[in-house]
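Sequence order for the protein chains is A and B. 375 is the number that our numbering gives to position 355 of the first sequence; each next residue is one higher, with no gaps. 269 is the number that our numbering gives to position 249 of the second sequence; each next residue is one higher, with no gaps.
No lab work stands behind these hints: they were computed from the structure. Don't take every hint at face value.
Stated by the list, open to error - Covered, in the sense of this in silico footprint (three residues per stretch, anywhere, with C-beta under 8 Å from a C-beta of chain B), are these stretches of chain A: (1) 73 to 81; (2) 240 to 251; (3) 326 to 335; (4) 357 to 365; (5) 415 to 424.
What the hints assert, rightly or not - One side only, chain A facing chain B, incomplete, derived with CB under 7 Å: (6) G107; (7) M143; (8) G344; (9) L347; (10) A348; (11) G351; (12) Y352; (13) H375; (14) G376; (15) G377; (16) R378.
Since this is a predicted model, take the numbers as computed values, not measurements. Backbone N, C-alpha and C fix where the C-beta goes; we use that ideal spot for every residue, glycine too.
Number of protein chains: 2
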Amino acid sequence: MAVNLLPPQAGDLHAVAGLRIGVVEAGVRKANRKDLTVFLLEPGSLVAGVFTQNRFCAAPVQLCRAHLATGLGIRALVINTGVANAGTGADGLKRAQSVCAALANQLHISPQQVLPFSTGVIMEPLPHERIVAGLPAAVAAADAGQWLQASHGIMTTDTVAKAFSVQVMLSGVPVTVTGISKGAGMIRPNMATMLGFVATDACIDAGLMDAMAHDLAEASFNRITVDGDTSTNDSFIVMATQKAKHPPVTDWSSSDGQTLRRALMNVSRLLAQAIVRDGEGATKFITVTVEGGRSSAECRQVAYAIAHSPLVKTAFFASDPNLGRILAAVGYAGIEDLEQTGIDLYLDDVQVAVHGGRSPSYQEADGQRIMKQSEITVRVVLGRGSSSDTVWTCDFSHEYVTINADYRS
Amino acid sequence: MAVNLLPPQAGDLHAVAGLRIGVVEAGVRKANRKDLTVFLLEPGSLVAGVFTQNRFCAAPVQLCRAHLATGLGIRALVINTGVANAGTGADGLKRAQSVCAALANQLHISPQQVLPFSTGVIMEPLPHERIVAGLPAAVAAADAGQWLQASHGIMTTDTVAKAFSVQVMLSGVPVTVTGISKGAGMIRPNMATMLGFVATDACIDAGLMDAMAHDLAEASFNRITVDGDTSTNDSFIVMATQKAKHPPVTDWSSSDGQTLRRALMNVSRLLAQAIVRDGEGATKFITVTVEGGRSSAECRQVAYAIAHSPLVKTAFFASDPNLGRILAAVGYAGIEDLEQTGIDLYLDDVQVAVHGGRSPSYQEADGQRIMKQSEITVRVVLGRGSSSDTVWTCDFSHEYVTINADYRS
Numbered sequence: 021m022a023v024n025l026l027p028p029q030a031g032d033l034h035a036v037a038g039l040r041i042g043v044v045e046a047g048v049r050k051a052n053r054k055d056l057t058v059f060l061l062e063p064g065s066l067v068a069g070v071f072t073q074n075r076f077c078a079a080p081v082q083l084c085r086a087h088l089a090t091g092l093g094i095r096a097l098v099i100n101t102g103v104a105n106a107g108t109g110a111d112g113l114k115r116a117q118s119v120c121a122a123l124a125n126q127l128h129i130s131p132q133q134v135l136p137f138s139t140g141v142i143m144e145p146l147p148h149e150r151i152v153a154g155l156p157a158a159v160a161a162a163d164a165g166q167w168l169q170a171s172h173g174i175m176t177t178d179t180v181a182k183a184f185s186v187q188v189m190l191s192g193v194p195v196t197v198t199g200i201s202k203g204a205g206m207i208r209p210n211m212a213t214m215l216g217f218v219a220t221d222a223c224i225d226a227g228l229m230d231a232m233a234h235d236l237a238e239a240s241f242n243r244i245t246v247d248g249d250t251s252t253n254d255s256f257i258v259m260a261t262q263k264a265k266h267p268p269v270t271d272w273s274s275s276d277g278q279t280l281r282r283a284l285m286n287v288s289r290l291l292a293q294a295i296v297r298d299g300e301g302a303t304k305f306i307t308v309t310v311e312g313g314r315s316s317a318e319c320r321q322v323a324y325a326i327a328h329s330p331l332v333k334t335a336f337f338a339s340d341p342n343l344g345r346i347l348a349a350v351g352y353a354g355i356e357d358l359e360q361t362g363i364d365l366y367l368d369d370v371q372v373a374v375h376g377g378r379s380p381s382y383q384e385a386d387g388q389r390i391m392k393q394s395e396i397t398v399r400v401v402l403g404r405g406s407s408s409d410t411v412w413t414c415d416f417s418h419e420y421v422t423i424n425a426d427y428r429s
Numbered sequence: 021m022a023v024n025l026l027p028p029q030a031g032d033l034h035a036v037a038g039l040r041i042g043v044v045e046a047g048v049r050k051a052n053r054k055d056l057t058v059f060l061l062e063p064g065s066l067v068a069g070v071f072t073q074n075r076f077c078a079a080p081v082q083l084c085r086a087h088l089a090t091g092l093g094i095r096a097l098v099i100n101t102g103v104a105n106a107g108t109g110a111d112g113l114k115r116a117q118s119v120c121a122a123l124a125n126q127l128h129i130s131p132q133q134v135l136p137f138s139t140g141v142i143m144e145p146l147p148h149e150r151i152v153a154g155l156p157a158a159v160a161a162a163d164a165g166q167w168l169q170a171s172h173g174i175m176t177t178d179t180v181a182k183a184f185s186v187q188v189m190l191s192g193v194p195v196t197v198t199g200i201s202k203g204a205g206m207i208r209p210n211m212a213t214m215l216g217f218v219a220t221d222a223c224i225d226a227g228l229m230d231a232m233a234h235d236l237a238e239a240s241f242n243r244i245t246v247d248g249d250t251s252t253n254d255s256f257i258v259m260a261t262q263k264a265k266h267p268p269v270t271d272w273s274s275s276d277g278q279t280l281r282r283a284l285m286n287v288s289r290l291l292a293q294a295i296v297r298d299g300e301g302a303t304k305f306i307t308v309t310v311e312g313g314r315s316s317a318e319c320r321q322v323a324y325a326i327a328h329s330p331l332v333k334t335a336f337f338a339s340d341p342n343l344g345r346i347l348a349a350v351g352y353a354g355i356e357d358l359e360q361t362g363i364d365l366y367l368d369d370v371q372v373a374v375h376g377g378r379s380p381s382y383q384e385a386d387g388q389r390i391m392k393q394s395e396i397t398v399r400v401v402l403g404r405g406s407s408s409d410t411v412w413t414c415d416f417s418h419e420y421v422t423i424n425a426d427y428r429s
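Please build the complete structure, drawing on both the sequences and the hints.
The structure is reproduced here in structure tokens:
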């Protein structure tokens with residue numbers, strides 16, 4: 021029951037020149053589902069990644085970091101769903117390595133040119149033989165027009181596939197940005213989401229790639245939360261195949277640079293927000309904006325306190341304007357010298373609290389009206405500076421408990 | 021459906037000499053319930069308090085701090101349930117002051133000798149006229165034998181009243197420690213619980229009181245969490261009426277000091293744990309112990325990450341040994357230099373993970389057996405030091421969502 025999130029259509033997803041995708045059934049954990057995806061990149065493609073800050077990061081995340089660090093050009097990604105290969109110790113690393121080696125062998129490249137990704141249940145052994153057995157079919161099936169299949173192939177508890185695509189003109193040349201993501205629970209990305217892949221055929225200077233991936237993650241996947249649980253497997257990958265024939269972008273402040281950056285940011289942000297819209301049990305999409313802070317960090321801290329409060333989230337689920345719960349979350353966010361008398365609270369355009377107390381103009385009926393909407397903006401003004409920040413989250417429903425009490429069964 | 025928490029019986033609750041309690045119906049928010057409680061202390065009683073660190077602290081909390089700071093002897097407590105008088109601005113302060121003034125007037129004491137407490141819905145105005153109107157009856161009803169009534173009088177979403185009482189001998193003289201608490205949601209005390217009151221007739225040196233209150237809170241109410249929401253109204257009060265005829269306790273390391281401290285600690289801890297046992301929707305009582313850390317602070321940080329994870333809490337609800345979720349929470353707890361290869365995980369006596377991976381001896385059936393219990397200990401060994409800490413929490417069920425989606429209705 022995703023919130024205002026339509027399933028992607030194949031016709032909306034533009035192929036990215038220089039990138040082919042194959043999706044097959046490998047029987048990782050469940051029968052009758054395509055659970056193995058490969059991305060095959062032509063030589064010369066640039067790839068940058070941002071990964072979870074969870075100290076219990078999964079084996080594939082450890083290998084991704086190591087492989088990117090070699091500086092060898094990345095030529096392939098291999099993604100399985102079903103099993104996360106996290107909390108699996110040294111044995112998990114070996115299994116992930118054997119998958120990379122098998123794919124590298126088929127493609128006549130080095131294993132360090134393969135990035136592995138896994139998502140699913142933690143602490144179960146990766147069935148690497150079944151994945152290896154599925155690779156030849158995945159490579160054989162690879163085609164530029166498989167983005168929709170890939171968006172389905174990486175799902176776990178997602179109810180809707182997540183894919184967005186835009187085309188922009190750079191110096192008169194059409195350039196494509198297409199991306200997919202997955203994730204619905206264990207979502208409080210810290211550097212990246214569960215899994216997000218964005219590809220473009222744009223020509224981008226190699227020196228821009230890493231900082232760009234971080235910037236994109238910072239303004240998209242690092243601003244969403246479903247349940248506050250930071251995954252062991254979060255990975256966000258940006259790929260640039262360099263196939264479009266425009267002059268290379270070497271500077272974000274150029275006209276082409278701004279256009280491309282906006283396109284990449286739009287796709288990344290839509291993919292991140294799609295994860296919240298499909299948040300486990302979500303019935304509402306909530307934008308939390310905190311303004312008037314001394315720094316964007318303190319605004320973010322307050323925004324996350326609100327976005328993580330089970331009491332706030334259940335009130336949204338119930339459409340109950342029990343808005344004191346939001347003030348309480350502001351108060352415990354950890355801003356030591358916060359003065360409650362400086363704080364104003366708005367729901368959309370309705371002023372709920374002024375100077376830390378109920379606004380004289382506030383009517384319960386107005387709060388009720390906003391709370392019933394499927395898209396709601398909470399705006400808190402701290403009254404102590406000029407910084408702001410925004411995070412996106414969803415409400416907390418019975419369905420969340422049902423999904424997570426049943427997930428493995 | 022509290023977890024292994026029996027309702028207190030009047031006969032188990034010993035009166036505390038020098039303290040009388042009156043509980044009446046004032047119609048604060050709902051009809052037909054006793055919602056106004058007064059504690060009346062004889063002159064010479066010592067009172068110390070620990071209060072919420074929420075910056076949005078309620079009007080009564082602000083007054084409690086101010087009144088205790090005057091150094092005038094506290095002679096009365098007045099507690100209402102139904103409305104929290106938080107997020108109510110300057111008007112809320114005035115209303116709380118008028119309640120203190122009215123009670124002080126009746127008792128011929130200063131308003132600064134009265135401590136006010138409120139619990140219930142946030143951001144609604146305190147119906148102070150109804151409370152003031154109820155005070156004469158509460159004072160008239162005051163009696164030493166009303167602890168059970170008081171434990172009921174302060175409840176909100178609690179399903180079971182919380183009261184414990186012990187007697188110990190100090191230098192051959194019987195001394196009583198009796199306490200009550202309330203709270204079931206918005207529970208992550210930071211310095212104290214929602215409301216906790218512990219009284220003793222022991223003679224305690226005035227210089228020991230404040231530090232004692234902090235120490236007691238630190239090892240009891242500051243080690244519990246239900247939903248991670250720190251209340252605006254958390255207050256923990258320790259009262260010593262000095263009526264018992266033993267030589268005053270001036271030093272915790274004396275024999276009497278140790279005996280009394282143990283008694284106070286036992287009552288405080290039982291009261292705190294009772295809040296978790298009655299946590300909103302709780303079906304299980306979970307003890308989270310983290311050992312082998314470099315400091316107790318980092319152990320506590322990891323323990324709270326586990327105790328707050330909605331994914332861990334729903335797995336406990338489902339009796340599903342999906343224990344990778346616990347490792348993930350350890351990983352994102354924020355210990356920057358934590359090495360996953362040092363980490364072991366136990367459920368009660370079953371070793372689940374060793375060196376960051378699944379233990380070879382671990383059988384799913386063993387995990388399943390423990391997960392079905394109503395009392396479970398999670399033990400994490402960080403393998404990097406000799407410090408430890410423990411917090412108590414409960415699972416996360418459908419009932420939590422139901423309670424908090426319906427609380428105001």
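Now for the hints, and whether the structure bears them out:
no.	hint	verdict
1	73 to 81	holds (count 5)
2	240 to 251	holds (count 5)
3	326 to 335	holds (count 6)
4	357 to 365	holds (count 5)
5	415 to 424	holds (count 7)
6	G107	holds (4 Å)
7	M143	holds (3 Å)
8	G344	holds (2 Å)
9	L347	holds (4 Å)
10	A348	holds (5 Å)
11	G351	holds (3 Å)
12	Y352	holds (4 Å)
13	H375	holds (6 Å)
14	G376	holds (5 Å)
15	G377	holds (2 Å)
16	R378	holds (5 Å)
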